[in-house]
Amino acid sequence: VNESLLRDLIPAVTGVLVRRGADFGTAEDAVQEALLRALATWPRDPPADPKGWLVTVAWRKFVDAARSESARQAREARVEAEPPPGSAEDADDTLRLYFLCAHPSLSPASAVALTLRAVGGLTTRQIAEAYLVPEATMAQRISRAKRTVAAVRLDEPGDLVTVLHVLYLVFNEGYSGEVDLADEAIRLTRQVVAMTDAEEASGLLALMLLHRARRAARTTAEGALVPLAEQDRSRWDTGLITEGVAVLQAALARDRLGEYQVQAAIAALHADAPTVDETDWVQIAEWYDELVRLTDNPVVRVNRAVAVGEADGPQAGLAALAEVDPSVARYAAVEAYLRERAGELAVAAQRYADAAHAATNRAERDHLTRQAARLHAAMRG
Amino acid sequence: MAKYLLLKHYRGGPAPVADIDPMDHWTPEEVDAHIRWMGDFAERLRETGEFVSDQALSPEGTFVRYGGEGRPPVTDGPFAETKDLIAGWLIIDVDTYERAVEVAGAYSAAPGPGGKPIYEWLELRPFMTDTSPTTE
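For the protein sequence lines, the chains are A and B, in the order given.
Using the working numbering, read the first sequence as starting at 55 and increasing by one per residue.
Using the working numbering, read the second sequence as starting at 1142 and increasing by one per residue.
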């Protein structure tokens, strides 16, 4: 049993415990303990029925925890008598857990942490490592999140929008620790697609697959960023691209557009171009118009200016950019890019330097500094 | 979530708001109360899931630089009267900039002589994210 298969089982096991009458918080702790035990013992001694093993061990842990609180004795006696449910209910249980872990009463960071643990089946240590905080801090963040949702009924209708947003945040966190959060986000989004068959869930999955496909080409061996236009397209993962495009096309065919589908459509058009010069910028600009209509997000407007610049020339791009608030992230970087295309090298160099100064990511800052240095060197001749 | 550094300066930064004696002139009880308060503050941040680390630094530092090919490093100092002297730091991981300001403001209310807040200036600096980007 590999670790990701083991983790696939986690939300269903928690679901079984909750259905038998355990409260979510205690059930989830019990499942985490069973998970840690499984990680320690399965490599030597794999069980014949992994899920049954997890349910048995987790249930025992839960009963132990319940027994240690005398006030729970009565309920324990009651729930112990209940028969185990069939697996047909697993998918419903799992989806309910997604809704609970992304409950609107949670801050994004709490929802992310709880989702990774309770539905992702990651250990607290792995989550802490991925987010570069001490394990004790992450443990507290998770238990507070559980207290926040303690009063929420598991069968309460949930909001898919918040679930997808949490998964999108996990994907964007990248891959710094032992666990690849981008791949983890893809695994969880696949599960949501399978359970809901919702167009936007498919749109998000397609978006993730198409971006994941470019990862190997996105940085040099030394970790420097490689812009899309300069990437070695032979290093893009064609398997992921094919899957992403297929998932997207099936979603688009149902004619219920949403922002993830549109973002995926833009990513698909890039993936579709064998060389950067063959990029269909006119169509990309049209998708950006659609995205502006759907979200009215200023960052989207900044990115749209790049597409307009490529489709209709740098002056048109700069005109599109002029409609956006200059304090928006990436504004300076996009202006620098368009100014260089327009031949205004001195302004472009200055704007790259401004963008580097305002950058919040180290790799981005280094990339923007390099761009400014490149233009300064070009001007010196 | 975003990480912030709350930098404590012995010297440097804006002019102090309150004219407070150095800690070695406080009563032992005031010193104890201050230290206990700082410990409790960090503990509360652990409980809210926002604590990353805290450290105090010795005031005496040495400047060091490369000495050139085949030569030992060059050292200088310590300088008794450095303009900016860093005393230590607290690192937090919080949802918003507003929350970081709130934490820093509360941290600056640590008790001094007579149990009154010392109104210490703290420098708040955001960390750059260091993960490899997943999107262009």
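None of these hints come from the bench; they were simulated from the model.
Built from N, CA and C at the ideal position, the CB exists for glycine as well.
Watch out, some of these pointers could steer you wrong.
As the list claims (entries may be wrong) - Among the chain A residues that face chain B by a calculated CB cut under 8 Å, a handful are:
#	residue
1	S161
2	P162
3	A163
4	Y185
5	P188
6	R195
7	N415
query = So which hints don't hold here, by number, going up?
reply = Structure breaks no hint.
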